[in-house]
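Protein chains: 2
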Amino acid sequence: MFVARVQVTIKEEVLDPQGKAVEGALHSLGFEEASGVRIGKFLELTLNTDDRAVAEERLSQMCEKLLANPVIEDYEFELVEAGEAR
Amino acid sequence: MFVARVQVTIKEEVLDPQGKAVEGALHSLGFEEASGVRIGKFLELTLNTDDRAVAEERLSQMCEKLLANPVIEDYEFELVEAGEAR
Numbered sequence: 001m002f003v004a005r006v007q008v009t010i011k012e013e014v015l016d017p018q019g020k021a022v023e024g025a026l027h028s029l030g031f032e033e034a035s036g037v038r039i040g041k042f043l044e045l046t047l048n049t050d051d052r053a054v055a056e057e058r059l060s061q062m063c064e065k066l067l068a069n070p071v072i073e074d075y076e077f078e079l080v081e082a083g084e085a086r
Numbered sequence: 001m002f003v004a005r006v007q008v009t010i011k012e013e014v015l016d017p018q019g020k021a022v023e024g025a026l027h028s029l030g031f032e033e034a035s036g037v038r039i040g041k042f043l044e045l046t047l048n049t050d051d052r053a054v055a056e057e058r059l060s061q062m063c064e065k066l067l068a069n070p071v072i073e074d075y076e077f078e079l080v081e082a083g084e085a086r
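Chains as they are written, first to last, in the numbering used here: chain C, 1 to 86; chain R, 1 to 86.
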């Protein structure tokens, strides 16, 4: 069993209006030092397999097919064996 | 200058219908080994300050006030000095 932690981020060359809106809100709240806000997704899931290579391969497929949109998003993930301290 | 990477996750005791929907979709696509899908947010931003303690304090305030909803969400972040290799 592996716990997967996946970060999905919008590619650098793609506009991020949600990030821009949050940046404006931060400035309105007095956090003038914040800039370059980009918003993505963070996913955690459990994979019921004991083979790390298989888990990585399958998780890549999940990202390509469903979890991320590879046209406008990048993804990276880490696999932690379930039960291990993080 | 620091680059902040913030992970916002739904607290364990709070239902995550979006995660449930994605889990169902993964199963439909043949990824039967996936379970316990939880979906959160991932934010990247730049902080224009050179004092790590100040950056941490201000970023905590940003999370409490805007980036996360502390009633139903947890957050964790890391600060990387801008220009450092990740």
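Simulated from the structure, these hints should not be mistaken for laboratory data.
Incorrect hints may appear among the rest.
Note that identical chains are pooled: a pair holds if it fits in a single copy or bridges any two copies.
[As the list claims (entries may be wrong)] Here are the computed lysine to any residue pairs in the SDA-like style, where the Cα-Cα straight-line distance is at most 20 Å:
#1 K20 - V54
#2 K65 - L15
#3 K20 - G83
#4 K11 - R58
#5 K65 - L79
#6 K65 - G24
#7 K20 - R52
#8 K11 - A25
#9 K20 - N48
#10 K41 - V54
#11 K20 - D51
#12 K41 - E73
#13 K41 - Y75
None of the values given here were measured: they were computed from a predicted structure.
Now the hints, each set against the structure:
1. K20 - V54: This pair counts as neither: shortest intra-copy Cα distance 38 Å, inter-copy 23 Å.
2. K65 - L15: Result: close neither inside a copy nor across copies, 22 Å intra and 25 Å inter.
3. K20 - G83: neither (38 Å within a copy, 22 Å between copies)
4. K11 - R58: Neither, since 22 Å and 27 Å both go past 20 Å.
5. K65 - L79: Intra 19 Å, inter 31 Å, cutoff 20 Å: intra-copy only.
6. K65 - G24: Between copies only: 14 Å across, 33 Å inside.
7. K20 - R52: neither (38 Å within a copy, 24 Å between copies)
8. K11 - A25: neither (22 Å within a copy, 24 Å between copies)
9. K20 - N48: Between copies, since 17 Å is at most 20 Å while 38 Å is not.
10. K41 - V54: neither (23 Å within a copy, 26 Å between copies)
11. K20 - D51: neither (41 Å within a copy, 25 Å between copies)
12. K41 - E73: This pair counts as both: shortest intra-copy Cα distance 10 Å, inter-copy 14 Å.
13. K41 - Y75: Both ways: K41 and Y75 sit 9 Å apart in one copy and 13 Å across, limit 20 Å.
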